[in-house]
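A.B. asks: Input sequences plus hints: build the corresponding full structure.
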Amino acid sequence: MSGCTKIEGQAVALRQSNVDTDQLIPARFMSAPRSDGYGGFLLHDARQEDAEHVLNRFTRADVLITRRNFGSGSSREAAVYALVDFGIKAVFAPSFGDIFQSNAVNNGLLPARLSSDQIEMLIDTIGEGDAKASVDLADGTATIAGHAVSFDLDPVWQQKLVNGWDDIDLTAQHNEKITSFRAARFAAHPWALPAT
Amino acid sequence: MTVPQTLFAKLWAAHEIMLRDDGTSLLWVDRHLVHEGSHHAFAKLNDRGMTVAAPDLTFGVVDHYAPTRAREVAADIRRMIETLGKNAKSQGIRLFDLRDPGQGIVHVIGPEQGLTLPGLLINCGDSHTSTHGAFGALAFGVGATEVAHILATQTIWQQRPKTMRITIDGTMGAAVSAKDLALHWIAKLGADGARGHAIEYAGSAVEALSMEGRLTLCNLSIEGGARLGLVAPDQVTFDYIEGRNFAPKAGAWDAAVKDWMALKTDDGAVFDREVSINAAEIAPTVTWGTSPEDALPITEHVPDPADLPLNKQEQARAALEYMGLKAGMPLEAVNVDQVFIGSCTNGRIEDLRLAAKVLAGRKSQVPGLVSPGSTLVKKQAEDEGLAQIFKDAGLEWVDSGCSMCVGMNGDLVGSGKRCASSTNRNFKGRQGRGARTHLMSPAMVAAAAVTGHLADVRPLLEGRT
Numbered sequence: 002m003s004g005c006t007k008i009e010g011q012a013v014a015l016r017q018s019n020v021d022t023d024q025l026i027p028a029r030f031m032s033a034p035r036s037d038g039y040g041g042f043l044l045h046d047a048r049q050e051d052a053e054h055v056l057n058r059f060t061r062a063d064v065l066i067t068r069r070n071f072g073s074g075s076s077r078e079a080a081v082y083a084l085v086d087f088g089i090k091a092v093f094a095p096s097f098g099d100i101f102q103s104n105a106v107n108n109g110l111l112p113a114r115l116s117s118d119q120i121e122m123l124i125d126t127i128g129e130g131d132a133k134a135s136v137d138l139a140d141g142t143a144t145i146a147g148h149a150v151s152f153d154l155d156p157v158w159q160q161k162l163v164n165g166w167d168d169i170d171l172t173a174q175h176n177e178k179i180t181s182f183r184a185a186r187f188a189a190h191p192w193a194l195p196a197t
Numbered sequence: 092m093t094v095p096q097t098l099f100a101k102l103w104a105a106h107e108i109m110l111r112d113d114g115t116s117l118l119w120v121d122r123h124l125v126h127e128g129s130h131h132a133f134a135k136l137n138d139r140g141m142t143v144a145a146p147d148l149t150f151g152v153v154d155h156y157a158p159t160r161a162r163e164v165a166a167d168i169r170r171m172i173e174t175l176g177k178n179a180k181s182q183g184i185r186l187f188d189l190r191d192p193g194q195g196i197v198h199v200i201g202p203e204q205g206l207t208l209p210g211l212l213i214n215c216g217d218s219h220t221s222t223h224g225a226f227g228a229l230a231f232g233v234g235a236t237e238v239a240h241i242l243a244t245q246t247i248w249q250q251r252p253k254t255m256r257i258t259i260d261g262t263m264g265a266a267v268s269a270k271d272l273a274l275h276w277i278a279k280l281g282a283d284g285a286r287g288h289a290i291e292y293a294g295s296a297v298e299a300l301s302m303e304g305r306l307t308l309c310n311l312s313i314e315g316g317a318r319l320g321l322v323a324p325d326q327v328t329f330d331y332i333e334g335r336n337f338a339p340k341a342g343a344w345d346a347a348v349k350d351w352m353a354l355k356t357d358d359g360a361v362f363d364r365e366v367s368i369n370a371a372e373i374a375p376t377v378t379w380g381t382s383p384e385d386a387l388p389i390t391e392h393v394p395d396p397a398d399l400p401l402n403k404q405e406q407a408r409a410a411l412e413y414m415g416l417k418a419g420m421p422l423e424a425v426n427v428d429q430v431f432i433g434s435c436t437n438g439r440i441e442d443l444r445l446a447a448k449v450l451a452g453r454k455s456q457v458p459g460l461v462s463p464g465s466t467l468v469k470k471q472a473e474d475e476g477l478a479q480i481f482k483d484a485g486l487e488w489v490d491s492g493c494s495m496c497v498g499m500n501g502d503l504v505g506s507g508k509r510c511a512s513s514t515n516r517n518f519k520g521r522q523g524r525g526a527r528t529h530l531m532s533p534a535m536v537a538a539a540a541v542t543g544h545l546a547d548v549r550p551l552l553e554g555r556t
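Listed in order, the protein sequences are those of chains G and C.
The first sequence begins at 2 in the numbering used here and counts up one residue at a time.
The second sequence begins at 92 in the numbering used here and counts up one residue at a time.
None of these hints come from the bench; they were simulated from the model.
Every residue gets a Cβ at the ideal spot worked out from N, C-alpha and C, and that includes glycine.
Hints are supplied without guarantee of correctness; some may be wrong.
Computed footprint of chain C on chain G, listed as stretches where at least three residues anywhere in the stretch have a Cβ under 8 Å from a Cβ of chain C [to be verified]:
(1) 21-30
(2) 67-73
(3) 160-172
Think about it this way: if two alpha-carbon atoms lie no more than 25 Å apart in a straight line, the pair counts; the simulated SDA-like pairs of lysine to any residue are [said to hold, decoys possible]:
(4) G:Lys178 to C:Asp350
(5) G:Lys178 to C:Lys508
(6) C:Lys508 to C:Pro388
(7) C:Lys448 to C:Asp547
C.D. replies: Okay, here's the thing in structure tokens:
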């Protein structure tokens, strides 16, 4: 994963709260290999049922503004693949599902938190249209539809997004510590090993 | 004098390999459970030419796509199951496949096989991994990138969640179960009410729960947004574990129990947040909308969105439209088209016993499916005569798997159809495109079956012991 410090593009508003991962990608699509591309699965059923759905009217969107508890529910990383493959690079919401947030950061998608009031202001301004958005990950600010905002993002995740760190590579540096931790743990607590 | 610690803090400290300057901990993983949905993670590992770091601590099971009828499957489903088989074989992982007598839903078989123990850190690429916390284990779901990381290193980077204690004191009323308790607190705090927190469930009503009840309670932690749920282990826990397949054997048992006895929150330990609930106030509960927070006692009415707080009105209107419900109608007047009993939430033997108690000698007014949580639960239910009760009532008794909770294996609720379900999510499209799900306890599902509508199970249990 490569790092990213700036996002420039178009923002649209999804006027819903509790957009869970079952909505983001219905379970029936998850057996597909990632190489097929997951963009077409994003909010599949909602988009098919509503020709005027915001992501049908705007097939190019970089930034999504939405309401509380976005990405709640299932741990399926495929929900993030669907957003990323559609072209979305940042989601702004008052709150996110915990597992979704980690999955997002692990795939270079920014989960940015704003207050409910700020989100409502942006949703009102953008309305049914789209608006210019520019996001600076390094200093945690964005200008969306002419409004300058500072967003909340855990500093650890900010670093990870900016630097494009890969955890497996990072962890490899600590192999010795891990090996000795395992040995000490099971020596002190032999019951913690599965009995055979 | 040492500072009093929470159970969570003790478990965290026992698994922390190192703490980075930025506050992120590298944690040791004692058990890693994988399933067919882990294919993305295995692909990541294979792409890097890596092997599984600790195959002895990694266990696989076929559940999400497991066929429940005669084990016949469509080609794409068969491919998912075969892929897991190939990955498990090439990486030397013990797999509970469809032919294995220990097969079942990952969160049912972990405890059943004695893989889930107090004091362990358990990960699985499934959000309901919080279930295993019922044993006093640090257990949480992760996404595919993290599954790949655990496969490669047997560790996970995590930021320490905040702590929250939900204390439930008092006695729960007749026919009120752990499911009602969970829906009650989620309705009270919201589907993101516990976001960023590790919950410990405490109090006399929690201590009085069976292992099955505690598993249901911890399972639903994620539906309230929590990272994980915990119950301190006690004699109920130890009695459940003793003698199970992978549980500590004679020589190690006493040392294990001694360690486990220390796994409790010290008097005076401080939580970031405390919530108290009076058990006597909880009624049999059902959901009416499309989020688990949309839950009410069965004696209530479908809410009028106009009466709700402003920020909930739009969601409630959309939910009522999707669910095909009218504001103000009594919940008991909502007719159902079908029922489902099963899932990692409520597919254990006690769940089946409670549902069978309601169904015995009665006929279901609607079609329905009963899928036991594991192949062993299935056998036990058949031996106890429960399967016959379900069949006599007109319900279909099928094999074990995630089944109609998520519909990946083709067990789906049709568009516009209404299902009374013992599962965990009433999200739009969760049980099938356009499906309308009402969550409730297995006993309440049985009540809906025999009446044909959402119904209070309490009168149906009068005179039955």
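A.B. asks: Compare the structure with each hint and give your call.
C.D. replies: Outcome of the hint check:
Given a C-beta distance limit of less than 8 Å, the hint that chain C covers the region 21-30 of chain G holds, as 6 residues qualify and 3 suffice. Requiring three or more residues with a Cβ within less than 8 Å of a Cβ of chain C, the coverage given for the region 67-73 of chain G holds, as 3 such residues are present. Given as covered by chain C, the region 160-172 of chain G passes the check, having 5 residues with a CB less than 8 Å from a CB of that chain where 3 are the minimum. Straight-line distance between C-alpha atoms of Lys178 (chain G) and Asp350 (chain C) comes to about 24 Å, which keeps the hinted pair within the 25 Å bound.
A C-alpha spacing of about 55 Å is found between Lys178 (chain G) and Lys508 (chain C), which places the hinted pair above 25 Å, so the restraint is violated. Using a Cα cut-off of 25 Å, the hinted pair Lys508 (chain C) and Pro388 (chain C) holds, with the two alpha carbons roughly 22 Å apart. Of the pairs offered as hints, the one joining Lys448 (chain C) and Asp547 (chain C) holds, with about 14 Å between alpha carbons and a cut-off of 25 Å not exceeded.
Figure legend: structure checked against the earlier numbered hints; the only hint not met is number 5.
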